[in-house]
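Q: If you read the protein sequences in the order shown, they are chains A and B.
Counting along the first sequence from 1, when you hit position 280 you're at 280 in the numbering used here, and nothing is skipped either side.
Counting along the second sequence from 1, when you hit position 229 you're at 229 in the numbering used here, and nothing is skipped either side.
Quick caveat, the hints were computed from the structure, so don't treat them as lab data.
Please note that the accuracy of each hint is not assured.
[Said to hold, decoys possible] Some chain B residues near chain A, calculated using beta-carbon distances under 8 Å: (1) LEU119; (2) ASP123; (3) VAL142; (4) ASN224.
Where is the CB? At the ideal position from N, CA and C, for every residue including glycine.
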Amino acid sequence: MQKRTVLLSATAFAVIAATTNTWAQAQPKLKVGFMLPATGTFASLGTAIDNGFRLYVAEQGGKIAGREVEYVRVDDESDPSKATDNVNKLIKRDNVDVIVGTVHSGVAMAMAKAAKESGTLLIVPNAGAAAVTGPMCAPNIFRSSFSNWQPGYAMGEVAAKKGHKKIVTITWKYAAGDEAVKGFKDGFEKSGGAVVKELSLPFPNVEFQALLTEIAATKPDAVFTFFAGGGAVKFVKDYSAAGLKKTIPLYGSGFLTDGTLEAQGADADGLLTTLHYADNLPNKRDQSFRLAYAKTYKLQPDVYAVQGYDAGQMLGIGLNATKGDAKNIQGFAQAVRAAKIDSPRGTFTISKSHNPVQDIYLRKVVGKENVMDSIASKALADPGLGCKM
Amino acid sequence: MDFATFLIQCLNAVQYGLLLFLVASGLTLIFGIMGVINLAHGSFYMIGAYMAYALAPVVGAAFGGEFFSTMVAGLVLSVILGYVLEWAFFSYLYEREHLQQVLMTYGLILVFEELRSLLVGDDVHGVTVPEFLNGTLPLNDVMTYPVYRLFISGVCLLLAVAMWFVFTRTRLGMMIRAGTNNREMVQSLGIDITFLYRVVFAIGVALAVFAGMIAAPVSSVYPNMGNAVLIICFVVVVIGGIGSIKGALVAALLIGIVDTFGKVLVPQAAGVLVYVLMALILLWRPNGLFKD
Chain A
1 MQKRTVLLSA
11 TAFAVIAATT
21 NTWAQAQPKL
31 KVGFMLPATG
41 TFASLGTAID
51 NGFRLYVAEQ
61 GGKIAGREVE
71 YVRVDDESDP
81 SKATDNVNKL
91 IKRDNVDVIV
101 GTVHSGVAMA
111 MAKAAKESGT
121 LLIVPNAGAA
131 AVTGPMCAPN
141 IFRSSFSNWQ
151 PGYAMGEVAA
161 KKGHKKIVTI
171 TWKYAAGDEA
181 VKGFKDGFEK
191 SGGAVVKELS
201 LPFPNVEFQA
211 LLTEIAATKP
221 DAVFTFFAGG
231 GAVKFVKDYS
241 AAGLKKTIPL
251 YGSGFLTDGT
261 LEAQGADADG
271 LLTTLHYADN
281 LPNKRDQSFR
291 LAYAKTYKLQ
301 PDVYAVQGYD
311 AGQMLGIGLN
321 ATKGDAKNIQ
331 GFAQAVRAAK
341 IDSPRGTFTI
351 SKSHNPVQDI
361 YLRKVVGKEN
371 VMDSIASKAL
381 ADPGLGCKM
Chain B
1 MDFATFLIQC
11 LNAVQYGLLL
21 FLVASGLTLI
31 FGIMGVINLA
41 HGSFYMIGAY
51 MAYALAPVVG
61 AAFGGEFFST
71 MVAGLVLSVI
81 LGYVLEWAFF
91 SYLYEREHLQ
101 QVLMTYGLIL
111 VFEELRSLLV
121 GDDVHGVTVP
131 EFLNGTLPLN
141 DVMTYPVYRL
151 FISGVCLLLA
161 VAMWFVFTRT
171 RLGMMIRAGT
181 NNREMVQSLG
191 IDITFLYRVV
201 FAIGVALAVF
211 AGMIAAPVSS
221 VYPNMGNAVL
231 IICFVVVVIG
241 GIGSIKGALV
251 AALLIGIVDT
261 FGKVLVPQAA
271 GVLVYVLMAL
281 ILLWRPNGLF
291 KD
């Protein structure tokens, strides 16, 4: 009898001790604030980023640096006028440890400004605006995707190698388009070629006919373009319908043919574009990532899913180095800058201004896929102009 | 710019202008003649484009002959949609202030966009040009012109003539014009003005849907496409003079010319040229070009 009581109380004590022990060990949850588009034109991109990020966390057993991850979500609607309010909800109301977002460059600029002021960690999983890792750069701001300049520059080198001398560019008159064209010029003109005409039309105008006529009248060796989404579909179709595809090669920043091939159909066949990801990369990391993603979400991953996944990886690397302390920006930044990030896109590093230094691939449209052709530019770094850290 | 290029640009300008007229014609009816500020006009255009994409396989399987049977099915559906919308919502707006009209039609935009997202998703889609219109005509040694664009222009011209005829030469047109000037008087003459307006509204919606369907193969189908055409539609109606079909046609062609040549000659200002044109015309004629 006595023996049993002793045993019982011993067990009880052990149980209590065990539970208190885990209580003592458990760190507070890591609050991740997703500020991504859940509605509007970019909704599917937001979902892919969200999925990619959560896939990484799930692979780590739901924890980053020993801290369980909790998500807070705000729909940014890709609306720059609401961006400051939205990001302040995450920073001030929800008190998140890290913000992940977003797709739209204008919204990302407002987020970078708020993050710079509050010192909250920010990882940008898409928006390619130069300023985020340029004049707006800060120790707590990182990008897991690309800068608009990068694919443009790589395509400039490709066009120069193909022996083109006289090129016309066409894009929407807004930051992303201007930056892509600037990248292209930097890459192309250093080898002696010339961009003879820079055509543009106001965003998001899609009446291209007048400018196509202008291209036909100029008769350049090739055309470089930056369009995305619905505009990309219409431009590729109009370019082909105007008969230009047969005579003047069209080169583009990768978004021209990403997520749009279904709609572009045969008109996109054979187009060459540059981006930091392609549909059948010959690395095991990518294959296992695509398999896991497809299994988890019953969807094929795209470049946005990869960027979300890598945002997770960067957060993991930084927080592991600071033992889960999201306030230790110095330690976090040091670890991420020193890291080689093993991404499905291939290994990349982070530049001093916190933008990926990565291989840009030349891809060719075959059927419904952007098939990798070659590496257009190896370990390409954004110039990061205007960044003072 | 050499002469051949100039001619091609003129063709582009006229073609774009006619397309604008087609899109704006429904708004001329609803905003111009019935006096309701209808912000949801762009949504009807969007619905038309998505119908061309989503209905084509269904209709093709049921009745065969994809292109024209889809058009007919879409038109029937849109007339029903317009009729029901007028009965359920718009009939309460005629006597209300403009602000309330704006509020409600803006609400409709949100509802239609969300429904579109739920039913068809957020991806970009292409619509194939029907086989027999899929050719191109050579313009010079580099450029060709798609036959389908010429087909659209032809349809727009036909439609403009038909609308002008109905409004100025038929009894229905007379009743509608009378209703615009004095609703009560028309009613007291024994004409069922409620029913008449419902029909006009349904036609207005059908025109926007038709524009969306016929433009879908060249414009492709994507989220928020309606909002992109909405503003330019209002510009067409305002420049032309509210309620004038002739005015809308002239205004659309003017905008086509200014936009096309603006993009080429002064690309820095291409975004504002159309609005500068509107401002100048309103300074010269505050009621638009053809307001009596």
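Q: Next step is simple, just say for each hint if it's right about the structure.
A: Results of checking the hints against the structure:
1. LEU119: violated, 14 Å
2. ASP123: holds, 6 Å
3. VAL142: holds, 4 Å
4. ASN224: holds, 6 Å
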